[in-house]
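Each chain is listed here by its residues.
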Amino acid sequence: MVESTVHATHAVVTLDVALPGIIWGWMITLNMWAKSIGTGVILVGAFLLYRHKKDEMPNLRWTMPLISFVFLNIFLLFTLTDLHQPYRMVNIFLHPHWTSAITVGAWMASLFTALITVMLIIGVGEELPGVPFKGCKLTAWGSRNGALYDKIFPFVVFLAIPVTLYTAIIMAESSARELWQAPAEVMQMMWAALLAGSAALILVSGKWSAEARKDLALVLAIATFFSFLMYMGEYFFSFKSSEAEATLAYVHAGGAYNTEFWFGMVLGFIVPFFIAVGSMKSDNKTLLRFAAILALVGLYMAKDVWLKIPQMLPLS
Amino acid sequence: MKLGFLVDLNLCMGCKGCEVACKVENEVPLSSWRLRVKYIDIGTFPDAKREFTPLRCNHCENAPCERICPVSALHYLENGIVNVDSARCIGCAGCMMACPYGAIYMDPETNTADKCTYCAHRIESGMMPACVVICPVQANIFGDLDDDNSHISKYIMEHQGAVQVRKPEKHTNPKHFYVGGGTQTLDPLAQQRLEGYSLFNNITHLDHVGDPNHGVIDRFLAPFESHEKLDNKSFVDFDNHESEGGH
Chain A
1 MVESTVHATH AVVTLDVALP GIIWGWMITL NMWAKSIGTG VILVGAFLLY RHKKDEMPNL
61 RWTMPLISFV FLNIFLLFTL TDLHQPYRMV NIFLHPHWTS AITVGAWMAS LFTALITVML
121 IIGVGEELPG VPFKGCKLTA WGSRNGALYD KIFPFVVFLA IPVTLYTAII MAESSARELW
181 QAPAEVMQMM WAALLAGSAA LILVSGKWSA EARKDLALVL AIATFFSFLM YMGEYFFSFK
241 SSEAEATLAY VHAGGAYNTE FWFGMVLGFI VPFFIAVGSM KSDNKTLLRF AAILALVGLY
301 MAKDVWLKIP QMLPLS
Chain B
1001 MKLGFLVDLN LCMGCKGCEV ACKVENEVPL SSWRLRVKYI DIGTFPDAKR EFTPLRCNHC
1061 ENAPCERICP VSALHYLENG IVNVDSARCI GCAGCMMACP YGAIYMDPET NTADKCTYCA
1121 HRIESGMMPA CVVICPVQAN IFGDLDDDNS HISKYIMEHQ GAVQVRKPEK HTNPKHFYVG
1181 GGTQTLDPLA QQRLEGYSLF NNITHLDHVG DPNHGVIDRF LAPFESHEKL DNKSFVDFDN
1241 HESEGGH
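Taken in sequence, the protein lines are chains A and B. Counting from 1, one number per residue, gives the positions in the first sequence under the working numbering. Counting from 1001, one number per residue, gives the positions in the second sequence under the working numbering.
The set of hints was computed from the structure by calculation and includes no laboratory data. Keep in mind that a hint or two might mislead.
[Claimed, not checked] Which chain A residues face chain B? A few, computed with CB under 8 Å, are given here:
1) A18
2) G21
3) I23
4) S175
5) S282
6) T286
Since the structure is predicted, the reported quantities are computational estimates derived from the model, not experimental observations. In this text, a Cβ means the ideal position worked out from N, Cα and C, and glycines have one as well.
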């Protein structure tokens, strides 16, 4: 009768109040997913610019900040929307509490988005004159300040790293959820950014050189491989914490979260990995785009499960 | 001064008087609890017994909720109480994710985080917390941990070896102690939680966090909406003739 803790203790809760359900739900999953794309395109874009000439990726200068801008705004919108008092978001700037990763992250993400906006204006001004309309003063200013783009870009690349990682620290500060350990979450966030960044750029790389696309496939393959490895390590070998084990039981035991998790692993990591490895040898744009879409869908599913299952554990 | 709490589980008889007193004193809304008493049945028939565990905020010295709060809505008072400033709270629920004791809830009326404050408003006026006053067996012991002559300090000294805190491995340094507790009563992972044993009904998990009647868009519209003035008559004088008859 001592084969498990509960049987050994024979303790059953016979009267209690209703406990809160999922506190951080799909909006936070979407928030993390969108941020991974928003920062990932900058990191992967910087890698491509280091490896290749600009001529090989003709639209990168404006597509990179455009994708980043769009997904950072999705991230910021859902950060705001998830608040129960959205108008008080301003308190983060008026009454910042610097021990909180939420505060530090909000400041960094705001600065990052502002810099990305400047890059977008310059990128569009230079490459797409007449967008959004002829005589637009903003893009005209952008077209005259191309040098500023190159000056702020290294700083933006540097800032993309803490912006993508700070959510891992928020999860680490969530002391009640032992599944989220800082080292594992930091690595998962980093791989997620590289995965999402390469996948997003693959979708706009139709006119790029085959060599540049090969590098994108390489980044996608490495990111999916290590993301999968991280999840497997946590899924099978989190033996050191009783709460983490109890949390993982919600996936191990089958059910909807088990299905979502394995869909995420297979669709998001395993299949894209093999397609990406194949694309490094033969340049198949369509197949690589398919892999990119699968990776983005799978990443969302994996993040969703990992966010929700620790919240199902009764804390008291 | 460092205020602390101690519950002698050997004395607690599960009357839930403290729960009700807390609800009334702090006007805690429906579906929310600052203090609750959990019933746990231990053993198998005929060697079974029922234990009662009052659960409230632990007012940790190293409080994870205070650390994660982005706007210092959760803050320390000079007497060690972890207090909440509802007017500053942005409702991010970070504190709910950080508190290892599940002691924080999202108030459905204000849509801000709230929790036990050891009745800070009463203490400021020189009174004891409501749950201490109401307890018929004096199982709740409250006082200054810095004062060696306080009741709580003496009680801790008298019961050395039997004093416990919840989840000490979290290094939160709780200022809420239990005497007479054990793994079965204090560790939620050592308890089986079956469906259908919740207070008053069969709801074991709340679908919503915060106001159930306010969706995402409503949160943005709330400051601009005017609500009809409600009085007792509003709840009695229903206009439901059409749905009831038609003839």
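Worksheet entry | A/S282 as chain B interface residue, shortest Cβ-Cβ below 8 Å | Hint on A/S282: violated, closest Cβ of chain B at ~46 Å, above 8 Å.
Worksheet item: Holds or violated: is the Cβ of A/I23 closer than 8 Å to a Cβ in chain B?
Response: holds (5 Å)
Practice prompt. With chain B as the partner, please determine if A/S175 meets the hint condition of a C-beta pair closer than 8 Å.
Written response: holds (4 Å)
Fill in: Hint status (Cβ of A/G21 to nearest Cβ of chain B, threshold 8 Å)
holds (4 Å)
Worksheet item: Against chain B, is A/T286 within 8 Å by beta-carbon distance?
Response: At about 37 Å, which exceeds the 8 Å cut-off, the nearest Cβ of chain B leaves the hint on A/T286 violated.
Worksheet item: Holds or violated: is there a CB of chain B closer than 8 Å to the CB of A/A18?
Response: holds (4 Å)
When held up to the earlier numbered hints, the structure conflicts with 5 and 6 and fits the remainder.
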